[in-house]
Every structure is written in structure tokens, then in C-alpha cells.
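Taken in sequence, the protein lines are chains A and B. Going by my numbering, the first sequence wraps up at 431, each residue one higher than the last. Going by my numbering, the second sequence wraps up at 431, each residue one higher than the last.
Derived from the structure by calculation, the hints contain no laboratory data. One or more of the hints may lead you astray.
Identical copies carry no separate label here, and so any pair may be met within one copy or between two of them.
[Said to hold, decoys possible] Pairs of lysine-lysine, PhoX-like flavour, derived with a Cα cap of 20 Å:
id	residue 1	residue 2
1	Lys184	Lys13
2	Lys184	Lys219
3	Lys13	Lys219
4	Lys222	Lys13
5	Lys222	Lys184
These numbers were taken from a predicted model, which means no experiment stands behind them.
Protein chains: 2
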Amino acid sequence: MTHAPPPIKLSRRWHYAREQAISFLMQQAVENTGVVSLAAGLVDFASLPVGETRAAMTTLLDDDAAARQALQYGTTLGSDRLRGLVREHLARLEGIAPADLGIDAEQLILTTGSQQLLSLVCEVLLDPGDICLVAGPTYFVFLGNLNGVGAETITVDTDDGGICPQALEQTLARLETEGKLDRVKLIYLVSYYENPSGLCLAEERRGPIVEIARKWSKRQRILVLEDAAYRELRYDGPALPSLWSHDAARDTVIYTQTFSKSFAPGLRVGYGVVPRDLVGPLCDRKGNEDFGSANFNQHLLANVLESGLYASHVEQVCAAYREKRDAMLAAADRYFADIPGVTWVHPHGGLYVWMSLPEHVETGFESELFQSASHTHGVMYVPGELCYAQPLAERARHQMRLSFGVQTPAGIDDGMRRLAAAVRAAV
Amino acid sequence: MTHAPPPIKLSRRWHYAREQAISFLMQQAVENTGVVSLAAGLVDFASLPVGETRAAMTTLLDDDAAARQALQYGTTLGSDRLRGLVREHLARLEGIAPADLGIDAEQLILTTGSQQLLSLVCEVLLDPGDICLVAGPTYFVFLGNLNGVGAETITVDTDDGGICPQALEQTLARLETEGKLDRVKLIYLVSYYENPSGLCLAEERRGPIVEIARKWSKRQRILVLEDAAYRELRYDGPALPSLWSHDAARDTVIYTQTFSKSFAPGLRVGYGVVPRDLVGPLCDRKGNEDFGSANFNQHLLANVLESGLYASHVEQVCAAYREKRDAMLAAADRYFADIPGVTWVHPHGGLYVWMSLPEHVETGFESELFQSASHTHGVMYVPGELCYAQPLAERARHQMRLSFGVQTPAGIDDGMRRLAAAVRAAV
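Starting from the given sequences, assemble the full structure and let the hints guide the process.
Quick look at the structure:
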């Protein structure tokens with residue numbers, strides 16, 4: 005028997021990355037079957053596209069040459085064919101012709117979910133101490149990415165219309181006064197049905213935010229990272245133009261989207277449309293990480309898009325989620341309306357209802373509410389405090405992200421009933 | 005029209021990562037059809053497992069619940085089912101019972117190819133200035149990973165049996181004298197049919213190298229990263245035990261392997277077996293990068309392994325590559341034997357023949373030989389100088405990595421004939 009060796013000395017970068025709540029939560033969601041999870045960001049099980057996948061797969065594997073092409077290595081940038089189809093798809097969403105997108109082919113990059121694009125942007129852009137401006141609340145996994153590269157994350161005042169342009173400008177002015185404007189490199193926004201708030205960035209704010217980023221790009225460019233992961237999950241309300249569409253020169257906004265929510269997360273195909281001068285750096289970095297996401301999945305998805313199965317599937321998915329959204333809002337009315345001080349957002353798309361409790365009721369992993377909800381009442385949610393970048397003491401700690409993605413309408417009702425019982429006991 | 009914005013200020017980390025040769029080469033290989041590529045690390049086209057994939061896919065998609073499970077998000081660590089099957093597979097390779105592997109389930113991690121595992125290890129372990137010891141030549145993509153985190157890469161004397169234990173010990177002693185032993189965190193080795201040299205680390209060196217790593221782990225652990233990507237591509241010669249098998253305590257060797265070479269690179273499924281105290285850090289980092297590789301592919305591959313299709317496919321693949329290896333060696337004899345000062349390695353597995361020219365004949369991208377080979381003679385190879393970590397002036401610059409992976413036996417013969425013509429003109 006050998007003696008125990010000395011400890012592994014981990015990198016500083018690892019120390020930046022505190023334990024990621026996402027891994028904890030996903031593990032719980034996948035493994036813990038005894039609890040009704042309103043926490044999981046998983047997608048609707050029933051509408052997962054088995055038939056569509058089978059059809060696209062048959063087409064792919066019946067063509068021997070195409071099948072071999074798909075089973076072979078691809079490129080770092082991703083399949084030319086899928087990139088062409090995504091380009092057409094994006095143009096449809098934008099309501100313009102593909103030729104009018106104003107981008108070269110290589111400005112569209114395929115990644116392992118849009119998460120990898122978000123991560124790559126942080127890697128190539130942010131040094132420790134560099135600044136990213138975010139909404140509050142915002143997507144908690146991305147806050148982990150910012151921590152992971154040692155960035156400073158500053159929250160801009162946010163209301164029902166998302167980040168306020170005026171507050172954004174005030175924040176930038178303050179940072180300039182403090183001599184920190186040169187460290188501001190990124191503004192991160194979830195522009196459609198935000199995770200966690202369910203809100204859209206107001207249409208009239210989109211152009212001004214791009215303008216503000218340009219105006220304050222004094223010594224270095226301030227890029228806007230538009231996370232449009234939920235764009236296609238629209239249940240009612242208008243189809244808003246992207247923030248990216250306001251960036252006529254295509255040099256300020258990085259646009260990311262994914263097929264995880266609208267088709268199947270198990271394929272892990274996301275994409276980004278990026279300024280020309282970011283293509284090389286992002287590919288260098290992606291070359292180091294994996295030199296290309298799964299080529300097979302890209303070819304499969306190309307068949308899905310080309311056959312028209314994608315468009316019909318998105319309609320189905322939206323119908324399924326609309327029903328679930330309505331089930332959650334009805335359950336909120338049914339079980340929470342008479343609990344004093346409880347409010348919630350009515351989302352027009354996405355997967356989440358954002359609920360606020362009276363300010364004295366904490367919702368964090370360590371809170372009495374979370375413990376009694378998960379252990380006594382058998383229901384789980386994502387604590388709202390995970391979705392803020394401020395030091396813990398300065399965060400709102402009385403909110404919850406409730407997902408209607410994974411449960412059936414009946415399960416949603418059951419989960420909301422359980423949660424209301426836990427909340428009622430805590431208020 | 006808006007004025008041009010100021011430049012994007014990229015991170016220091018991006019600056020560490022010089023342009024990756026891998027992306028350039030893969031792009032060439034996939035797109036450039038006019039040239040016979042002996043450069044591409046792509047796999048044999050004809051033996052790509054279309055039938056096997058179809059069978060596994062039918063099984064997967066005919067079971068509605070299993071199909072939905074596969075299309076849903078997975079976990080950061082990867083599918084439990086595939087991880088269990090890989091465990092059994094690894095035990096078979098090691099010639100022991102799965103229970104005797106001496107690892108907990110979570111010590112086996114699934115990644116996007118083994119490349120992602122290599123990248124993750126660098127991320128969580130290495131700060132700028134930390135030291136990794138490597139063979140010379142070694143896998144050039146991994147040298148890019150080391151550069152990408154700002155690590156110092158030191159080459160240990162290497163011969164036909166791989167890294168010399170004595171030289172490894174001398175290098176560590178020298179580093180201790182220089183006060184740099186505390187910065188040594190990693191020893192990287194391709195243990196089977198190395199990319200690029202085609203050589204195996206000699207059996208009698210495997211145990212001693214693990215012992216040396218343990219002995220010199222004075223203040224921090226020195227980990228050994230065993231890259232066994234080509235282990236299953238064995239055409240003749242003995243099946244060697246892994247380096248990892250010599251690490252009885254399972255705390256010093258990180259073992260990585262992939263299904264890219266033995267099954268299909270388009271699926272991008274690789275794995276690592278890691279010391280217990282690296283599991284958390286690697287998952288934290290992978291959570292940030294993608295919170296899990298493609299779950300669908302993991303379920304597909306689980307069916308491939310479980311059905312026995314994998315084992316029979318590996319036999320087929322090895323038969324195909326054996327024929328190609330023989331074709332390349334025969335062509336080398338045919339076209340190069342009479343060129344003075346040209347020698348090459350006879351590999352017993354893997355995808356590469358490593359060829360040395362007279363020392364005055366440079367082979368780099370900028371060299372006359374590379375230019376005339378690719379433009380006049382229509383053949384491409386990987387310049388050997390990419391596979392060394394030393395400053396360019398100190399590297400051997402007269403070698404070539406010749407891949408027999410992607411061409412047919414006839415194409416190999418054609419490529420070798422073209423290459424010999426170019427070499428003959430340059431000698």
C-alpha cells in the first residue's frame with residue numbers, strides 16, 4: 005500500500021468557479037423522482053420529437069454517403085449545410101431575406117447548446133476584473149460563467165420591461181467617473197421571456213440599448229450578448245424584433261439561440277451569430293475545447309429543418325407549453341391568491357413563472373421554506389437569489405423561479421398546491 | 005451609417021492560444037477535395053458504422069420512453085447507463101472484473117470527445133507558468149491546450165519506447181534545483197500508438213512512470229494524463245496494460261479514451277476516468293462549458309455497446325486499418341526506400357506513420373517541401389515540427405506525420421507516390 009499523495013493544487017480559475025447550482029439542480033431533477041420539481045429547466049417530456057427524429061434519421065441513414073458524412077468528424081465552425089439552413093431560419097424569424105442578414109457565412113457558429121457559445125464569449129473576452137453588465141434577476145448559469153473567468157458583474161436597474169436604458173447609461177457614466185469604463189466589455193441580456201423572470205426586453209428599449217453600447221465604446225468595444233434561447237417559445241403577445249436587428253453594422257451584438265427548447269435538448273445544438281472580428285478568436289477557443297460539436301446531430305437537425313418537421317414541431321411545442329403556462333397561472337390564482345404579499349409575473353412565452361413572496365420570507369437552499377417545500381411538501385423550485393449578481397446580503401431573497409416545462413398540467417397543479425401549503429406555513 | 009466602433013479587446017487567455025493548426029487542417033481536409041490528404045486525422049470513411057447506427061437507432065426510437073429520455077437534457081457527468089457500460093468495457097480492456105476497477109461510478113465522466121476531457125483538465129489544473137511534461141514529439145492539439153492556459157511545456161527525452169523514466173527523473177531533479185518543482189502539475193502521455201509517432205510507451209516503463217510521479221509529488225500532486233485514444237486500434241503486437249492500471253490507489257493517473265476512432269467521431273463521445281478529488285472540479289468546469297454533452301448520442305452509443313455491435317465493429321475497423329497500415333508501409337518501401345536518409349516507424353496500431361527526412365529538409369507549412377507537395381504534387385501531410393513543444397529553433401523540423409486513416413489503400417499508394425516525388429526533389 006502506498007502512502008496518500010499530497011493534494012491536487014487546482015488552478016486559480018477553478019477557484020473562481022464556485023460550485024455550479026445548475027449541476028446540482030439538473031442532477032436532482034433527473035434522479036429525484038419522489039419530488040414534484042418546478043425547478044428543472046428540462047423541457048416538456050410528452051412533446052419531445054420522437055416521430056420527427058425517426059423521420060429525419062431514416063432520411064439520413066438511408067443515404068449511405070450522407071450517413072457516413074454525418075458519422076465523420078465535422079469542422080470547428082459546424083456543418084455548412086446546417087449553418088445555411090439556420091441562416092434561412094433566422095432570416096424568417098427576422099422577417100427578412102437571408103441575403104439581407106448582412107453576415108458572412110462564417111459569422112454563424114454551431115455550438116454544444118447555446119451554453120457553449122455563452123461560455124466561449126466569456127473565455128475570449130473577459131479577463132479577471134473585466135466588467136459585464138446584467139439585468140437583475142438574470143440567467144443564473146451565465147452568472148456562473150462570469151464568475152468562472154473572474155469577471156466583475158454589475159447589475160443595472162431592471163423593471164417589467166427589462167434593463168432600463170437610462171439606468172444603463174447612468175451605470176456607464178458612474179463607471180467612467182470611477183475610471184472603470186475601460187474594463188466594461190459586455191452587456192448580457194435575455195431578450196425573450198427571460199429565464200427567470202419570464203419578461204421580454206421592451207421593444208422600444210432594444211434600439212437604444214445597442215446605441216448606448218456603441219456610444220460608450222470609447223477605447224474598446226462594448227459588446228451586447230443577446231441570449232434569445234426562448235425566442236421561439238411564444239404563446240401570445242407580439243413577435244418582437246431581436247436586439248441584434250438593431251445592430252445595422254453587425255459589429256456590436258452577439259446573438260445566440262438554441263434548438264434545445266424548440267426541438268430537443270438531448271441533441272445539444274445551439275448557435276451564435278457574431279461580429280466578424282470575433283469569429284477567429286471563438287474558433288481558436290472552440291478548437292481547443294472540442295474542435296467541433298457533434299457533427300451527426302448537426303446533420304440530423306439539418307434534415308429536420310429542411311423537411312419542414314421543425315416548423316410543425318414548434319407549433320406543437322408552443323401549444324403544449326401554452327396549456328402548461330395556463331395551468332400554472334390558474335394554479336397560482338387558485339392556491340396563492342389569498343396569501344398576502346404574493347405576486348407573480350404572467351409570461352407570454354418561455355418556461356417560467358417568477359413569483360415574489362413577502363420580503364421577510366427567504367427562499368434559498370438553506371431557508372426554512374426550501375427545506376419544508378422539498379422535504380415535507382415534496383416540491384422543488386429554483387431560489388430567486390441565485391439569479392442575482394450582487395453580494396448575497398444585497399440580493400432580493402424572497403423570490404422563486406417556477407418552471408412549467410417538465411410537469412404535466414396535473415403535475416403543475418399538484419406542485420403549486422404543495423408549494424402554496426409550504427408558503428402558507430412560512431408567511 | 006454609423007462610424008466604425010473601436011476594436012474588441014480580447015482576453016489574455018485568448019492571446020495565449022495561437023491559431024490552432026487543428027482547425028486549419030480539419031477545414032482543409034473536409035473542404036479540399038483536389039489534394040490527397042495524408043494529413044487529416046479523419047477516420048476511414050468506408051468502415052463508418054452506418055448499419056450499426058441504424059440498428060441502435062431503431063432500438064432507441066422504437067421505445068418511446070427511451071427515445072424521449074435520450075432527447076431530453078442529460079446530466080453534466082453523462083448518462084448513467086452509458087457510464088455503466090463504459091465501466092464494463094474498460095474492465096474488459098483491463099482484463100479484470102468491473103468491481104475490481106477500484107473506482108466510484110462518478111469517477112467516470114463522459115465528454116465531447118476525449119478532447120474536451122483534455123481541455124477540462126488543463127482548465128482546472130494549470131495556471132499560467134505551471135508546468136506540464138510531455139514527450140517529443142507529442143499530440144499537437146494538446147500542445148495548443150497547454151498554450152491556451154499559459155502553461156510551460158517541457159519536453160522529456162523520448163526514444164522508441166516513449167518517454168524515458170530516467171530522463172523524466174532527471175528533468176524533475178533539474179526543475180527542483182531550479183526551484184520550479186512546485187509548478188509541475190502534469191505529465192502528459194499518449195500511451196498507445198501515439199499521435200504522431202505511432203509508438204507505444206514501453207510496457208516496462210509504465211509502472212516506473214507512475215512511481216516517479218508519486219515520488220516527486222512533494223508539495224502538490226503531479227498527475228499523469230494518459231491519453232489512450234488509439235488503444236483499441238491494435239493491428240498486431242501485444243495488448244499492453246494501461247498506465248492507469250499501475251496506479252493502484254487511483255489517485256495519480258487520469259485516463260482518457262474516446263469512441264471517435266473505434267466507432268464514429270461524428271458522435272463526439274469520449275470519456276475520462278479521474279481521481280476522486282478531480283470529479284467535482286471537472287464537473288464545475290464542464291457545467292460552465294455546456295452542462296453535459298449530447299445525451300442523445302450517449303444513449304445511442306449505450307445501445308451500440310449493449311447489443312454487441314460495438315465489439316464486432318471494432319474488429320472490422322481494425323481489419324480495415326491493418327490493410328491501410330500495410331498499404332502505407334508497402335508504399336513507403338516502394339517509393340522512399342532509395343531516397344537517402346529517409347526513415348519511418350512501423351506502427352502496430354493507430355492511424356499514423358511517422359517519417360523522418362534528412363535533417364536539412366524542412367517540412368513546415370512555410371517550407372519548400374510543403375508548398376511543392378500541396379501545390380505541385382497534390383498531397384498534404386502534417387509537418388512534424390507542430391508536434392514539438394520547444395521554441396521553433398530547437399525543434400526537429402524534418403519530419404512528417406502521415407495518416408493512413410482517411411484514404412483508401414489505392415489513395416494511400418497514390419499519396420505516397422506523390423509525396424516521394426516531392427521529397428525526392430527536395431533532398
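Cα distance capped at 20 Å. Does Lys222 pair with Lys184 within a copy, between copies, both, or neither? within (12 Å within a copy, 42 Å between copies)
Pop the pair Lys184 and Lys13 into one bin, within, between, both or neither, using alpha-carbon distances up to 20 Å. Cα proximity of Lys184 and Lys13: across copies only (14 Å, versus 32 Å in one copy).
First find the shortest C-alpha distance between Lys13 and Lys219 inside one copy, then the shortest across copies, and answer within, between, both or neither for a cut-off of 20 Å. between (44 Å within a copy, 16 Å between copies)
Treating 20 Å as the Cα threshold, decide for Lys184 and Lys219: within, between, both or neither. For Lys184 and Lys219, only the intra-copy Cα distance (16 Å) is at most 20 Å; the inter-copy one is 48 Å.
I want to check one pair: Lys222 and Lys13. Are their C-alpha atoms no more than 20 Å apart within a copy, between two copies, both, or neither? Intra 40 Å, inter 12 Å, cutoff 20 Å: inter-copy only.
Checked against the numbered hints above, the structure violates none of them.
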